[in-house]
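Colleague: Chain order of the listed sequences is A and B. Going by the working numbering, the letters in the first sequence line up with residues 1 to 349, in that order. Going by the working numbering, the letters in the second sequence line up with residues 1 to 349, in that order.
Identical copies go unnamed one by one, so any copy, or any two together, can satisfy a pair.
Simulated pairs of lysine to any residue, SDA-like, Cα-Cα distance not exceeding 25 Å:
(1) Lys-164 x Arg-33
(2) Lys-161 x Glu-89
(3) Lys-100 x Asp-323
(4) Lys-297 x Glu-169
(5) Lys-12 x Asn-301
(6) Lys-47 x Lys-182
(7) Lys-100 x Ser-156
(8) Lys-292 x Pro-212
(9) Lys-161 x Asn-90
(10) Lys-38 x Arg-23
(11) Lys-292 x Glu-169
(12) Lys-300 x Asp-323
(13) Lys-276 x Leu-226
(14) Lys-161 x Pro-93
(15) Lys-164 x Gly-92
(16) Lys-161 x Val-91
(17) Lys-100 x Leu-294
(18) Lys-182 x Gln-104
In short, the hints are calculated from the structure, not lab data.
2 protein chains.
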Amino acid sequence: MKDRFLRALKKKPIDKTPIWLMRQAGRYLPEYRAIREKAGDFLALCKTPELACEVTLQPLERYALDAAIIFSDILTIPDAMGLELSLVENVGPVFNKPIKNISQIKQLHIPDPYDTLSYVARAIKLANNELNDLPLIGFAGSPWTLAAYMVEGRSSRDFAKIKKLAYSEPEAMHLLLEKLSKSVTSYLKMQIEAGANAVMLFDTWGGLLSQPNYTNLSLNYMEKILRSLEPLGVPSIVFTKGGGMWLDKIARIGSTGVGLDWMTDIKVARQLIGHKVALQGNLDPAVMLTTKTLIEKEAKNILDSYGMGSGHIFNLGHGITPDVPPENVQYLVDFVHAYSQQFHDQSTN
Amino acid sequence: MKDRFLRALKKKPIDKTPIWLMRQAGRYLPEYRAIREKAGDFLALCKTPELACEVTLQPLERYALDAAIIFSDILTIPDAMGLELSLVENVGPVFNKPIKNISQIKQLHIPDPYDTLSYVARAIKLANNELNDLPLIGFAGSPWTLAAYMVEGRSSRDFAKIKKLAYSEPEAMHLLLEKLSKSVTSYLKMQIEAGANAVMLFDTWGGLLSQPNYTNLSLNYMEKILRSLEPLGVPSIVFTKGGGMWLDKIARIGSTGVGLDWMTDIKVARQLIGHKVALQGNLDPAVMLTTKTLIEKEAKNILDSYGMGSGHIFNLGHGITPDVPPENVQYLVDFVHAYSQQFHDQSTN
Chain A
1 MKDRFLRALK KKPIDKTPIW LMRQAGRYLP EYRAIREKAG DFLALCKTPE
51 LACEVTLQPL ERYALDAAII FSDILTIPDA MGLELSLVEN VGPVFNKPIK
101 NISQIKQLHI PDPYDTLSYV ARAIKLANNE LNDLPLIGFA GSPWTLAAYM
151 VEGRSSRDFA KIKKLAYSEP EAMHLLLEKL SKSVTSYLKM QIEAGANAVM
201 LFDTWGGLLS QPNYTNLSLN YMEKILRSLE PLGVPSIVFT KGGGMWLDKI
251 ARIGSTGVGL DWMTDIKVAR QLIGHKVALQ GNLDPAVMLT TKTLIEKEAK
301 NILDSYGMGS GHIFNLGHGI TPDVPPENVQ YLVDFVHAYS QQFHDQSTN
Chain B
1 MKDRFLRALK KKPIDKTPIW LMRQAGRYLP EYRAIREKAG DFLALCKTPE
51 LACEVTLQPL ERYALDAAII FSDILTIPDA MGLELSLVEN VGPVFNKPIK
101 NISQIKQLHI PDPYDTLSYV ARAIKLANNE LNDLPLIGFA GSPWTLAAYM
151 VEGRSSRDFA KIKKLAYSEP EAMHLLLEKL SKSVTSYLKM QIEAGANAVM
201 LFDTWGGLLS QPNYTNLSLN YMEKILRSLE PLGVPSIVFT KGGGMWLDKI
251 ARIGSTGVGL DWMTDIKVAR QLIGHKVALQ GNLDPAVMLT TKTLIEKEAK
301 NILDSYGMGS GHIFNLGHGI TPDVPPENVQ YLVDFVHAYS QQFHDQSTN
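One chain only, chain A, in its complex shape (with noise of 0.2 Å):
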């Protein structure tokens, strides 16, 4: 079944539960350690429309993946705004030019995808070609995420600088919403016109904001581009690590799922927003550190939580980490959709 991640996505009856895995073209591969080595950088990597379609298609040669994720960064945006990312070993992606103020912003040009971002829709066109009707999914930050790195400069543990710029000059953090949010629209569009069959907004630092922050600043600007995608027919999912409660607002944005981290119960995830969208996740990505009897048991416990029926498509909380043994993936995929028929009506299929 090829369809199966988008018929679960749309609630269609499936014959097993889907499964793929946010990173899971990345670091714990040693075939994308080999290509990586051979591209220099991890940019050069994501640059190089060859390179990021090879390795976008890696997991699936190993893996009976439902679904790839077209390999790419979400800092590409701002990079493509002129802030000069640089990946640094031990810290993480670094900006040379960071936001420092609101002339900065009001600079800010929003970048024409099909120019200095084409090279992710060269990336989807040569991948799609090669997946035989599997579902590629394309994806990008949330404006207040990718904010949120850009005046911060790099990850940080407090975000103290984007949240006093988001108190004291709230129409300057507004303006770089909005731009970001226009950005972020347009980017996806031609990832859909390039082909990928589904988006996925990363919101990875929402969870950071109070609930009243968090709609003013996060939500309502992925609801806005969420809104202006529509018209394509393609289904989306939402992901907001540490939003778990604020599912029931989520669920509002129009997204076709919500992806769940680990923190959040998808039980009560299903009774509270199951009947409006899909649900994805949410294993702990550090189950994926220990053995197969241990991973067996946290997947089976998440899909028994789950229960009967579409909707659900499996995935980790987080992204997977470069530690993990591979045969640990090869595990989980095979089990997942193995111990999962019990909850698909196999007839009508």
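Could you slot chain B onto chain A? The hints should help.
Modeller: Chain B in isolation, oriented as in the chain A frame:
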């Protein structure tokens, strides 16, 4: 009213909402920085009762705070267990001898607080003598949070080591948590005997667990500690950062009050658990970096959200950060006292 904090914690009538701030004795105060320089380093400051007493009292000399909290660190217990704590600039606390295997856990001794941690009791006695009946709060880290630091060796982004231990070697994990629970219990008993009028458990990392793991690895052990302290009749506050989804569970473990992080809506929290426990919190610490106008707006919002009656202790949703202007704290404390009078029946006082 000297006992405003303790009365609010027990939901007795008060004239104004009490306020204190997590990490109120800290680096944002120039007089703290002066003493710390004199002491040499952070740990020396903790371990010198006269200096620890002095910094405990510093914020009370500036502001009309309703409680003092003894100046110390949650990592004094693992330090007393022999893990050799040091504080590294730009990294934070680091253990020179982190826990790496089960045999190390088996060999860990439960410290006699009257021996290796008596400096804390001494600082409490000294501070109490100076406080003129203003309450003094004692504290400790939750067993899970202490274990996380002890196994990771320092703060971490994903806490992969401790989680791997928790999943793979549950017996070792529980042995460690059991030893830490006993250590925390006797440590808090000593603090109470020395004169602490209330105690607080800081569960900084509990919010990174899945719900079943949170119950199993963090909440159950905090409950055990609180039940052991019950005969002493001293009120208690439990604070799990990121625990907003589990308030109903947190409110059932026997604490007098529950601390709220800034992501949690205090109005929702009061509806959910306000009949069982007092609530402490929950201004976003980043607000303290802004202006008096904004501090007033956000503090007002929290006081309005809690509404009428006793049972609210104003605080931040996490510790105050080093770059807060001291005059902003002055403004907040005075504003909370002035504005909150309308929420309390002045005729009963």
